[in-house]
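These are the residues of each chain, in order.
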Amino acid sequence: MTERVGAVAILDEDLVRRAAGGDADAFEALVAPRLNRVFRTASAILGNEGDAHDVVQEAFVATWRHLPRLRDAAKFDEWLNKTIVNRCRDELRRRRRSREVDLDGAYDLSSIDSTGSVGEIAAISAALGMLSVDHRHLLVMHHLHGISVADLATELRIPEGTTKSRLHAARAALERAMEANR
Amino acid sequence: MSDNPYRLTDDLVTQALRARSADPDLALLEDIVRTAAATPQLRRWPGLGSTSLSRPAVLVIALALLLATAGALAVGSGLLPPDPVPAEQLTVAGQIIEAANTRDPESLRSLMAEDGVLEFPWVDARAGREGEVYMSEYAMAVEKFPEAWVGNLDRWGMEAHLGSCQAVAESTITCAVTTRWHTLQIEIGEDWTFEFDGARVSRLEMLRVDPDPPNRLLPLGLVDLPTWEAWLRETHPSQADSLLPSGPDFFGWMYFRFGLDASPDEIGASIDEYLAARSVVESPTPTPSLTSDGTPVELPSSGSLDAGTYFLVNPYQDDDPVRDCASGCADYRRVVFTLPDGWATSGGLVHKHLGQPDEVAFGLWTPGQIYADPCHWEESALEPLDIHTASGEPHLGMDDQAALLNQVGRTASEPTTVAFAEAGAGGRPEGVGALKIELTVDPQLDLASCDRGEFRSWTEWDVPDGANSHHAPGQVDVVYLVDVDRRTFVIDASQMPAASETDLAELEAIISSMIVVR
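If you read the protein sequences in the order shown, they are chains A and B. Our numbering puts the first residue of the first sequence at 2, with every later residue one more than the last. Our numbering puts the first residue of the second sequence at 3, with every later residue one more than the last.
In case anyone wonders, no lab produced these hints; they're calculated from the structure. It should be emphasised that the depicted structure is a prediction, and the values quoted were computed from it without experimental measurement. Incorrect hints may have been included.
As the list claims (entries may be wrong) - A few chain A residues that don't get close to chain B, going by computed Cβ distances all over 10 Å:
1. Ile11
2. Leu12
3. Asp13
4. Asp15
5. Arg18
6. Arg19
7. His54
8. Asp78
9. Glu121
10. Met131
11. Leu140
12. Val141
13. Ala151
14. Thr155
15. Glu156
What the hints assert, rightly or not - Looking from chain A toward chain B, a few residues come up when the C-beta cut is under 7 Å (computed):
16. Ala30
17. Val32
18. Pro34
19. Asp55
20. Gln58
21. Trp65
22. Pro69
23. Glu92
24. Val119
25. Ile122
26. His169
Positions of the beta carbon are idealized from the N, C-alpha and C atoms, including for glycine.
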């Protein structure tokens, strides 16, 4: 059972073009329907709400700054998603460099339903924190946002077979991480 | 996983991700919009080509830039913003360039705002990723950051040359800058954008815009560094292990990614060696292929090749007492073949148009194990290569080659049997049997998404981290699994999608000319 927790906003390319032209109202109209989904993506990848807040804010502001360079308005969502993931990658790299205490695992256990125990969820979440950003992102898109393999393939611009293979690899990595944590 | 106490179901993965994720603070939207509205957008500047200046005094730079800007406005006034670049901003830009070139962190601090930041974005130009922007932002206020930054510039011998500048927004100018990284021997084009807060710079963005500018003074563009990495991995795998980053990374980070662990001296020396090998490859003087008595000669390690007959030796028949050859290497002494004009060799590969879309090449391999997933090979299963049944008879059925025939991201033809001529003490009149398979890399493969940017067919026997990684999207490899007394070696003939019919015919003729000497 995978539940869609973040609906995909329909892209208005005219809004993108207006925002690229410096229209801040148009930019707000682009950000508002996407913020919830983007924030959930970043927080699930990073496992930390405060970091996600910073990353999402920086990513949106950076998107605004670079928007005039986006040649194809139709690719706005794809571009935004990659920017978010890249920012998450930067953040995790920064954590490693600064050797801060890894905050992965600061999760909200109140959302656990009756089918999973606190221990199980905690173990999986800790293992998620050991995966590569790309693996985390794939699992977030598929299992958190409920994006089908076919839609993921379209979004990632790779064949469906490759998408399945990558999802399989991400799942296998998660299993290995759980094993390592045991 | 069998003894793991927890079940890993789709539902549990979803619950764990939901537990890790959160809804945004209500004020976040407002913060984003307010910050964006106060942030100037960066517009593509259609201005003139850069004018390289050797490191003059700051006032001279400013004067030259003013003249260049005036020229740009005169030529393209219909395209460019109407405001001229303020002289004081040009001066500060020149001073910052000077501080970078002289590795002066204190000057840098004095020129940047206290809350100023450096940003290192790059716009991806690779197919399928055009326009994708990557960003890394660093605050000047972080203790010792200016020292760390100029230290990094110093490690790589960076030298910036300022070209012409243009106003792109209020209090924001963008300048064309040529950067030379002497340790890496690369020269690239950048846009440096300076955002001002009063007389000081609040944001300095350094964007790579031309990774391979024409008429470079230094020998390499940024685009050459992946080729150097591939060369190093192929020719000096143990050195590559110590010098190159182990994880997948991005092309655009290239001259920063070496900054943390690897020694610049060693990297510079390796690049020197690479350049020397390349100059040999490009040498107009071909290597002679026959000795004075007309017998074939051993293929040189690198260089362009005259038409003639050469041989490649079995690298594992070296009487190494440590290596247990009986467990892996094939029993042949050498492979002789005849080349037409126009071929070259490097790193054990014989090739034409190396690195080009029309490349053709071949090489000999002694595979260790086969990667089930050549793109994600770091976590891939490895399977043995064995073309024999339990009874010891060569068997050329699909089932026995499952690993090679079912690699993820590559399609395989039905295997067929062929024979190569055989000579020497163990040579047989009927020749030596081989299994021929055509393997095609997915044309849609995004090589950058593969582990370390490599698509690996198989490991090389007895070479730590050695592997056949010479692959690109759409590449076809005609692989001959040669059966030498129950040991297998591989002749791998590869062609890129744009290979010409003439070159393919030459490649086929070369393979047909091969003689396996026992």
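Cross-check of the supplied hints:
no.	hint	verdict
1	Ile11	holds (18 Å)
2	Leu12	holds (16 Å)
3	Asp13	holds (17 Å)
4	Asp15	holds (17 Å)
5	Arg18	holds (13 Å)
6	Arg19	holds (12 Å)
7	His54	violated (6 Å)
8	Asp78	holds (13 Å)
9	Glu121	violated (5 Å)
10	Met131	holds (13 Å)
11	Leu140	violated (6 Å)
12	Val141	violated (6 Å)
13	Ala151	holds (15 Å)
14	Thr155	holds (12 Å)
15	Glu156	holds (12 Å)
16	Ala30	violated (10 Å)
17	Val32	holds (6 Å)
18	Pro34	violated (10 Å)
19	Asp55	violated (10 Å)
20	Gln58	holds (6 Å)
21	Trp65	holds (4 Å)
22	Pro69	holds (5 Å)
23	Glu92	violated (10 Å)
24	Val119	violated (9 Å)
25	Ile122	holds (5 Å)
26	His169	violated (9 Å)
Of the numbered hints given earlier, the model fails hints 7, 9, 11, 12, 16, 18, 19, 23, 24 and 26; all others are met.
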